[in-house]
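K.L.:
Given chain A's structure and the hints, the job is docking chain B onto it.
Protein sequence lines, in the order shown, are assigned to chains A and B.
Everything in the first sequence is counted per the numbering used here, starting at 303 for the first residue and increasing by one.
Everything in the second sequence is counted per the numbering used here, starting at 270 for the first residue and increasing by one.
Treat the hints with care, as some may be off.
A few chain B positions that, by computed beta-carbon distances, are all more than 10 Å from chain A [claimed, not checked]:
{"hint": "1", "residue": "Gly285"}
{"hint": "2", "residue": "Asn291"}
{"hint": "3", "residue": "Ser299"}
{"hint": "4", "residue": "Pro313"}
{"hint": "5", "residue": "Ser318"}
{"hint": "6", "residue": "Glu325"}
{"hint": "7", "residue": "Ser337"}
{"hint": "8", "residue": "Asp346"}
{"hint": "9", "residue": "Lys348"}
{"hint": "10", "residue": "Leu349"}
{"hint": "11", "residue": "Ser352"}
{"hint": "12", "residue": "Ile376"}
{"hint": "13", "residue": "Pro378"}
Quick list of in silico lysine-lysine cross-link-like pairs, DSSO-like style, CA-CA up to 30 Å [what the hints assert, rightly or not]:
{"hint": "14", "chain 1": "A", "residue 1": "Lys353", "chain 2": "A", "residue 2": "Lys380"}
{"hint": "15", "chain 1": "A", "residue 1": "Lys343", "chain 2": "B", "residue 2": "Lys365"}
{"hint": "16", "chain 1": "A", "residue 1": "Lys380", "chain 2": "B", "residue 2": "Lys314"}
{"hint": "17", "chain 1": "A", "residue 1": "Lys356", "chain 2": "A", "residue 2": "Lys317"}
{"hint": "18", "chain 1": "B", "residue 1": "Lys370", "chain 2": "B", "residue 2": "Lys314"}
{"hint": "19", "chain 1": "B", "residue 1": "Lys311", "chain 2": "A", "residue 2": "Lys353"}
{"hint": "20", "chain 1": "B", "residue 1": "Lys370", "chain 2": "B", "residue 2": "Lys271"}
{"hint": "21", "chain 1": "B", "residue 1": "Lys348", "chain 2": "A", "residue 2": "Lys343"}
{"hint": "22", "chain 1": "B", "residue 1": "Lys311", "chain 2": "A", "residue 2": "Lys317"}
{"hint": "23", "chain 1": "B", "residue 1": "Lys314", "chain 2": "A", "residue 2": "Lys346"}
{"hint": "24", "chain 1": "A", "residue 1": "Lys353", "chain 2": "B", "residue 2": "Lys370"}
{"hint": "25", "chain 1": "A", "residue 1": "Lys356", "chain 2": "B", "residue 2": "Lys370"}
{"hint": "26", "chain 1": "A", "residue 1": "Lys356", "chain 2": "B", "residue 2": "Lys314"}
{"hint": "27", "chain 1": "A", "residue 1": "Lys380", "chain 2": "B", "residue 2": "Lys271"}
{"hint": "28", "chain 1": "B", "residue 1": "Lys348", "chain 2": "A", "residue 2": "Lys353"}
{"hint": "29", "chain 1": "A", "residue 1": "Lys356", "chain 2": "A", "residue 2": "Lys346"}
{"hint": "30", "chain 1": "B", "residue 1": "Lys370", "chain 2": "A", "residue 2": "Lys380"}
{"hint": "31", "chain 1": "A", "residue 1": "Lys346", "chain 2": "B", "residue 2": "Lys365"}
{"hint": "32", "chain 1": "B", "residue 1": "Lys348", "chain 2": "A", "residue 2": "Lys356"}
{"hint": "33", "chain 1": "B", "residue 1": "Lys370", "chain 2": "A", "residue 2": "Lys317"}
{"hint": "34", "chain 1": "A", "residue 1": "Lys343", "chain 2": "B", "residue 2": "Lys314"}
{"hint": "35", "chain 1": "A", "residue 1": "Lys353", "chain 2": "B", "residue 2": "Lys314"}
{"hint": "36", "chain 1": "B", "residue 1": "Lys370", "chain 2": "A", "residue 2": "Lys343"}
{"hint": "37", "chain 1": "B", "residue 1": "Lys311", "chain 2": "B", "residue 2": "Lys348"}
{"hint": "38", "chain 1": "A", "residue 1": "Lys353", "chain 2": "B", "residue 2": "Lys365"}
{"hint": "39", "chain 1": "A", "residue 1": "Lys380", "chain 2": "B", "residue 2": "Lys348"}
{"hint": "40", "chain 1": "A", "residue 1": "Lys346", "chain 2": "B", "residue 2": "Lys271"}
Calculated from the structure, these hints are not laboratory results.
The beta carbon of each residue, even a glycine, is placed where N, CA and C say it ideally should be.
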Amino acid sequence: EAGVTQFPSHSVIEKGQTVTLRCDPISGHDNLYWYRRVMGKEIKFLLHFVKESKQDESGMPNNRFLAERTGGTYSTLKVQPAELEDSGVYFCASSQVWAPNTIYFGEGSWLTVV
Amino acid sequence: RKEVEQDPGPFNVPEGATVAFNCTYSNSASQSFFWYRQDCRKEPKLLMSVYSSGNEDGRFTAQLNRASQYISLLIRDSKLSDSATYLCVVMNRDDKIIFGKGTRLHILP
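Next comes chain A alone, as it looks inside the complex (with noise of 0.2 Å):
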């Protein structure tokens, strides 16, 4: 069974200018979170889909960042306009609606600004 896959595994864009990060959840894992760590800090929650509504996005930094999942399958992370301090490791994660504790985590996306 394929794990929680993400893309792309590491980007390198300059300031201001925007990336799309996508995360394909285990099959049939209506929940999808977002997470990111950036250098020194520990990992942060973002936010958590069930099926395609966002649940909770306490965690999004500020309106430069933008979640979806469309259809409630994969979902994609953008970051519009990119700044210095969105560098870092974002993880997404994935569970059944059911066990919340069984958590699977992508390889995480590495994005380094600029």
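P.N.:
Coordinates of chain B only, in the frame set by chain A:
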């Protein structure tokens, strides 16, 4: 005060030794607790869940003290392959996961 606090380390421990990590959490309503392991530039992977009754998985023992809002992880007979960052993770009632900053462990040959 951070929601989940851990000693960042690093802990430099000789192979074969026993090492213990502690973690405290601030939200008394938290309902689930975990230890994750993260290798350098890799994703977090679940090591074990933590229960009030304590649970053991091979060389690893985890313990939860709800009254003190304290979680521990004990690693016995440490191996070189145990070198990693260990993340204390708490899940709140709304299924939101809060990570500690992690404790770095280096096992020395």
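K.L.:
All hints, please: hold or fail.
P.N.:
Now for the hints, and whether the structure bears them out:
Residue placement check: Gly285/B keeps its beta carbon more than 10 Å from all beta carbons of chain A (closest about 30 Å). Every C-beta of chain A lies more than 10 Å from that of Asn291/B, the closest at about 16 Å, which supports listing it as non-interface. With 10 Å as the threshold on Cβ separation, the claim that Ser299/B sits away from chain A holds: the shortest Cβ distance comes to roughly 12 Å. Interface exclusion of Pro313/B from chain A breaks down, the closest Cβ pair being 5 Å apart, not more than 10 Å.
Distance to chain A contradicts Ser318/B as a non-interface residue, since its nearest Cβ pair spans about 7 Å, not more than 10 Å. Against the 10 Å criterion, Glu325/B stays outside the reach of chain A, whose nearest CB is about 18 Å from its own CB. The non-interface label for Ser337/B is consistent with chain A: the shortest C-beta to C-beta separation is roughly 21 Å, beyond 10 Å. The claim that Asp346/B is not at the interface with chain A holds, since no C-beta of that chain comes within 10 Å of its own (minimum 27 Å).
Listed as outside the interface, Lys348/B is consistent with that label: its C-beta sits roughly 23 Å from the nearest C-beta of chain A, beyond the 10 Å cut-off. Every C-beta of chain A lies more than 10 Å from that of Leu349/B, the closest at about 23 Å, which supports listing it as non-interface. With a closest Cβ-Cβ approach of about 19 Å to chain A, Ser352/B is found to remain outside the 10 Å limit, as its non-interface label requires. Remark: the non-interface label on Ile376/B is consistent with the geometry, its nearest Cβ contact in chain A lying 23 Å away (cut-off 10 Å).
With a least beta-carbon separation of about 28 Å from chain A, Pro378/B lies farther than 10 Å from that chain, consistent with its non-interface assignment. Proposed proximity of Lys353/A and Lys380/A is supported: the alpha carbons are some 18 Å apart, at most 30 Å. Annotation: proposed proximity of Lys343/A to Lys365/B holds, straight-line Cα distance about 18 Å (limit 30 Å). A hinted pair counts as satisfied when its Cα atoms are at most 30 Å apart, and Lys380/A with Lys314/B qualifies at roughly 25 Å.
Distance restraint check for Lys356/A and Lys317/A: the Cα-Cα separation of roughly 28 Å lies within the 30 Å cut-off, and the hinted pair is therefore satisfied. Taking the CA atoms of Lys370/B and Lys314/B, the gap is near 15 Å; set against the 30 Å cutoff, the hint holds. Distance check on the hinted pair: Lys311/B and Lys353/A sit about 26 Å apart at the alpha-carbon level, within 30 Å; holds. A C-alpha spacing of about 10 Å is found between Lys370/B and Lys271/B, which places the hinted pair at or below 30 Å, so the restraint holds.
A distance of roughly 27 Å separates the Cα atoms of Lys348/B and Lys343/A; the hinted pair therefore holds under the 30 Å criterion. Proximity of Lys311/B to Lys317/A is assessed by CA-CA distance (about 25 Å); at most 30 Å being required, the pair is judged to hold. The straight-line distance between the Cα atoms of Lys314/B and Lys346/A is roughly 16 Å, inside the 30 Å bound, and the hint therefore holds. With a C-alpha separation of about 29 Å, the suggested pairing of Lys353/A with Lys370/B holds against the 30 Å cut-off.
Proximity of Lys356/A to Lys370/B is assessed by CA-CA distance (about 26 Å); at most 30 Å being required, the pair is judged to hold. Our distance criterion of 30 Å between C-alpha atoms is met by Lys356/A and Lys314/B, whose separation comes to about 25 Å. Restraint check for Lys380/A and Lys271/B: satisfied, since their Cα atoms lie roughly 28 Å apart, inside the 30 Å limit. Annotation: proposed proximity of Lys348/B to Lys353/A is violated, straight-line Cα distance about 41 Å (limit 30 Å).
Pair hint Lys356/A plus Lys346/A holds up; C-alpha atoms about 17 Å apart against a cutoff of 30 Å. The hinted pair formed by Lys370/B and Lys380/A meets the criterion: a straight-line CA distance of about 25 Å does not exceed 30 Å. Note on Lys346/A and Lys365/B: the hinted pairing holds, with a Cα-Cα distance of about 10 Å set against a maximum of 30 Å. Between the alpha carbons of Lys348/B and Lys356/A the distance comes to roughly 42 Å, so the proposed pair goes past 30 Å and is violated.
Between Lys370/B and Lys317/A the CA atoms are separated by roughly 27 Å; this keeps the pair inside 30 Å, and the hint holds. Between Lys343/A and Lys314/B, the direct Cα distance comes to roughly 18 Å. Compliance with the 30 Å bound is thereby established for this hinted pair. Taken as a hint, the Lys353/A and Lys314/B pair is honoured in the structure, with Cα atoms around 23 Å apart against an allowance of 30 Å. Restraint check for Lys370/B and Lys343/A: the C-alpha separation of about 6 Å stays at or below 30 Å, so the hint holds.
Of the pairs offered as hints, the one joining Lys311/B and Lys348/B holds, with about 19 Å between alpha carbons and a cut-off of 30 Å not exceeded. At most 30 Å may separate the alpha-carbon atoms for a hinted pair to count; Lys353/A and Lys365/B meet this at roughly 16 Å. A threshold of 30 Å between alpha carbons decides the hint, and for Lys380/A with Lys348/B the separation of about 41 Å lies outside it, so the pair is violated. About 12 Å separates the Cα atoms of Lys346/A and Lys271/B, which keeps this hinted pair within 30 Å; it holds.
When held up to the earlier numbered hints, the structure conflicts with 4, 5, 28, 32 and 39 and fits the remainder.
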